[in-house]
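Taken in sequence, the protein lines are chains A and B.
Remember, my numbering sits 31 above the position in the first sequence when you count from 1.
Remember, my numbering sits 31 above the position in the second sequence when you count from 1.
Among the hints, a few may not be true.
Put simply, identical chains are the same to the list, so a pair is met inside one copy or across any two.
[To be verified] When the alpha-carbon atoms are kept at most 20 Å apart in a straight line, the in silico SDA-like pairs for lysine to any residue are as follows:
| id | residue 1 | residue 2 |
| --- | --- | --- |
| 1 | K95 | I217 |
| 2 | K281 | V34 |
| 3 | K95 | S38 |
| 4 | K95 | F298 |
| 5 | K275 | D301 |
| 6 | K228 | Q71 |
| 7 | K173 | A256 |
Treat the hints as calculated values from the structure; they're not laboratory data.
Number of protein chains: 2
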Amino acid sequence: MTVETVSLNRSHGGMQGVYRHASRETGTDMTFSVFVPPHQGGAKLPVVWYLSGLTCTHANVTEKGEYRKACAELGLIFVAPDTSPRGEGVPADTNGSWDFGLGAGFYVDATQPPFSRNYRMWSYVTKELPELVSSAFPADLKRQSIMGHSMGGHGALTIALSNPSGYRAASAFSPIVAPSQVPWGIKALGGYLGSNKEAWRKHDTVALIEDGARFPDFLVDTGDADPFLKEQLRPELLERACAKANIPLKLRSQSGYDHSYYFVSTFMEDHLRWHAARLDRSGR
Amino acid sequence: MTVETVSLNRSHGGMQGVYRHASRETGTDMTFSVFVPPHQGGAKLPVVWYLSGLTCTHANVTEKGEYRKACAELGLIFVAPDTSPRGEGVPADTNGSWDFGLGAGFYVDATQPPFSRNYRMWSYVTKELPELVSSAFPADLKRQSIMGHSMGGHGALTIALSNPSGYRAASAFSPIVAPSQVPWGIKALGGYLGSNKEAWRKHDTVALIEDGARFPDFLVDTGDADPFLKEQLRPELLERACAKANIPLKLRSQSGYDHSYYFVSTFMEDHLRWHAARLDRSGR
Chain A
32 MTVETVSLNR SHGGMQGVYR HASRETGTDM TFSVFVPPHQ GGAKLPVVWY LSGLTCTHAN
92 VTEKGEYRKA CAELGLIFVA PDTSPRGEGV PADTNGSWDF GLGAGFYVDA TQPPFSRNYR
152 MWSYVTKELP ELVSSAFPAD LKRQSIMGHS MGGHGALTIA LSNPSGYRAA SAFSPIVAPS
212 QVPWGIKALG GYLGSNKEAW RKHDTVALIE DGARFPDFLV DTGDADPFLK EQLRPELLER
272 ACAKANIPLK LRSQSGYDHS YYFVSTFMED HLRWHAARLD RSGR
Chain B
32 MTVETVSLNR SHGGMQGVYR HASRETGTDM TFSVFVPPHQ GGAKLPVVWY LSGLTCTHAN
92 VTEKGEYRKA CAELGLIFVA PDTSPRGEGV PADTNGSWDF GLGAGFYVDA TQPPFSRNYR
152 MWSYVTKELP ELVSSAFPAD LKRQSIMGHS MGGHGALTIA LSNPSGYRAA SAFSPIVAPS
212 QVPWGIKALG GYLGSNKEAW RKHDTVALIE DGARFPDFLV DTGDADPFLK EQLRPELLER
272 ACAKANIPLK LRSQSGYDHS YYFVSTFMED HLRWHAARLD RSGR
């Protein structure tokens with residue numbers, strides 16, 4: 032596995048890198064960012080995965096997420112993948128819209144042509160990229176956790192529920208929690224997975240919980256001035272599902288906050304401390 | 032004075048705004064950003080001015096500066112102006128270069144045509160914008176301080192030295208300290224102020240100090256991996272001038288850091304605490 036360094040900058044005592052590699056899963060070049068905090072030589076560090084939202088690349092959180100200071104203090108590696116395959120030959124939405132196709136991979140392995148060849152973000156984020164990160168960085172894959180924003184919150188929660196022993200913590204900012212029931216999700220899951228809604232349930236946080244998936248606990252922040260809150264995010268559906276399944280959910284509605292990185296960056300440190308507390312526990 | 036709100040986002044308990052207004056000094060629309068921290072109704076808050084570097088707008092530090100958490104804690108208003116006039120009819124460098132003209136106002140009032148009509152960033156930053164900020168925000172103009180990055184560090188230090196009773200603190204990240212002696216500065220000061228180098232001395236930190244200007248103390252950070260350090264920034268010239276003039280200078284060379292916002296954001300909190308300590312003193 033060859034990784035090309037796009038940029039490398041010292042920041043908050045650690046190193047913020049941006050990297051590119053040829054992905055076997057997506058069949059394209061993929062770009063991602065990794066922050067490695069200051070650490071002792073030979074140390075292996077826990078890894079926090081951050082999945083981004085619609086239209087984003089690694090760059091949004093890398094530039095605006097304000098995670099480096101806390102990661103440096105807490106000793107966390109922070110990895111931010113892209114949100115879809117990109118490049119020549121990658122099919123996009125025929126209408127050029129921003130909520131499907133490029134920048135909108137929804138963290139699934141597509142089964143429908145023409146998307147099934149490249150849109151394999153589930154396998155990319157859960158298998159290929161962890162392997163690459165553990166080979167190229169001082170990462171301890173026995174201590175991983177996952178968080179995300181909006182579509183990436185959907186990705187983080189569904190990935191954690193599907194592999195609860197693989198991740199020690201999961202949290203989200205403004206997640207899409209029930210894609211099968213909201214316009215963004217119906218369009219994306221229909222386009223990538225086809226019209227059989229049974230296939231969607233493995234990629235829907237609320238449906239996964241209804242079908243028996245479990246995770247120790249979740250932290251979720253939403254903003255009450257988020258324009259997508261009522262139609263696309265619907266945190267009350269997650270609240271109901273977690274209550275019914277006895278999954279402890281720390282769900283906070285933040286007054287005056289919207290869907291932007293001004294919101295994410297404000298609560299990033301809280302989330303990283305939540306993750307660090309769970310990553311520090313040896314074993315489970 | 033009419034101010035148009037471009038965007039307004041809650042962040043770190045305060046409000047991050049971006050605003051536009053028709054400037055009498057530059058004869059153009061000007062965009063700037065203001066962070067107002069959480070505060071009691073009726074309170075008047077100290078103001079930190081942040082001047083940006085070559086090619087930047089208000090957006091670079093607003094998105095990447097990581098200043099909001101500390102400003103919220105310390106109760107500081109943070110204002111980031113643009114770096115030049117922009118728009119139709121504003122003369123730019125005939126060669127389209129990035130180190131003169133648009134994005135490169137150098138915080139002077141140009142005397143040379145065709146730049147003298149619009150390039151009035153000195154008066155804009157020291158007179159027009161403070162008036163506007165005090166009329167539209169809960170700002171206490173008796174408690175102002177100033178900082179900047181690169182070309183903006185040049186702006187911050189020269190403005191503080193020219194009006195030491197107007198600013199209670201001054202600091203810089205990677206400043207241009209002797210523009211009369213380095214390529215960026217020689218091009219800019221020559222273009223805006225003409226070939227008589229006597230006129231440049233009021234816009235050169237080292238020359239101002241040599242000519243008798245004083246300020247209580249300075250904090251300056253540079254990165255030892257900054258590619259511009261030796262040719263354009265030359266912090267040793269500031270060190271020598273301050274030593275000779277008995278101006279206390281806290282000059283720190285930060286190991287491994289470059290010229291980017293990854294560097295600025297790392298030390299932003301330190302600078303804001305330096306400013307807050309000096310802004311909190313009642314009187315002088």
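(request) Go through the copies and call it for K95 and F298: within, between, both or neither, with a Cα cutoff of 20 Å. (result) Both: 12 Å inside a copy, 16 Å across copies.
(request) Please work out whether the CA atoms of K275 and D301 approach to 20 Å or closer within one copy, between two copies, in both situations, or in neither? (result) For K275 and D301, neither the intra-copy (26 Å) nor the inter-copy (47 Å) Cα distance is at most 20 Å.
(request) State whether the alpha carbon distance between K281 and V34 is at most 20 Å within one copy, between copies, both, or neither. (result) For K281 and V34, the Cα distance exceeds 20 Å both inside one copy (38 Å) and across copies (40 Å).
(request) First find the shortest C-alpha distance between K95 and S38 inside one copy, then the shortest across copies, and answer within, between, both or neither for a cut-off of 20 Å. (result) Close inside one copy (17 Å) and across copies (16 Å); limit 20 Å.
(request) Classify it for me, K95 with I217: is the Cα-Cα distance of at most 20 Å met within a copy, between copies, both or neither? (result) Classified as neither: same-chain Cα gap 29 Å, cross-chain 34 Å, threshold 20 Å.
(request) If the cutoff is 20 Å on CA atoms, where do K228 and Q71 land: within, between, both or neither? Let me know, please. (result) Answer is neither; intra-copy 49 Å and inter-copy 52 Å both fail.
(request) Since the copies are identical, ignore which copy is meant and state whether K173 and A256 lie within 20 Å (CA to CA) inside a copy, between copies, both or neither. (result) The answer is neither: 38 Å in one copy and 35 Å across copies each exceed 20 Å.
Checked against the numbered hints given earlier, the structure breaks hints 1, 2, 5, 6 and 7 and satisfies all the rest.
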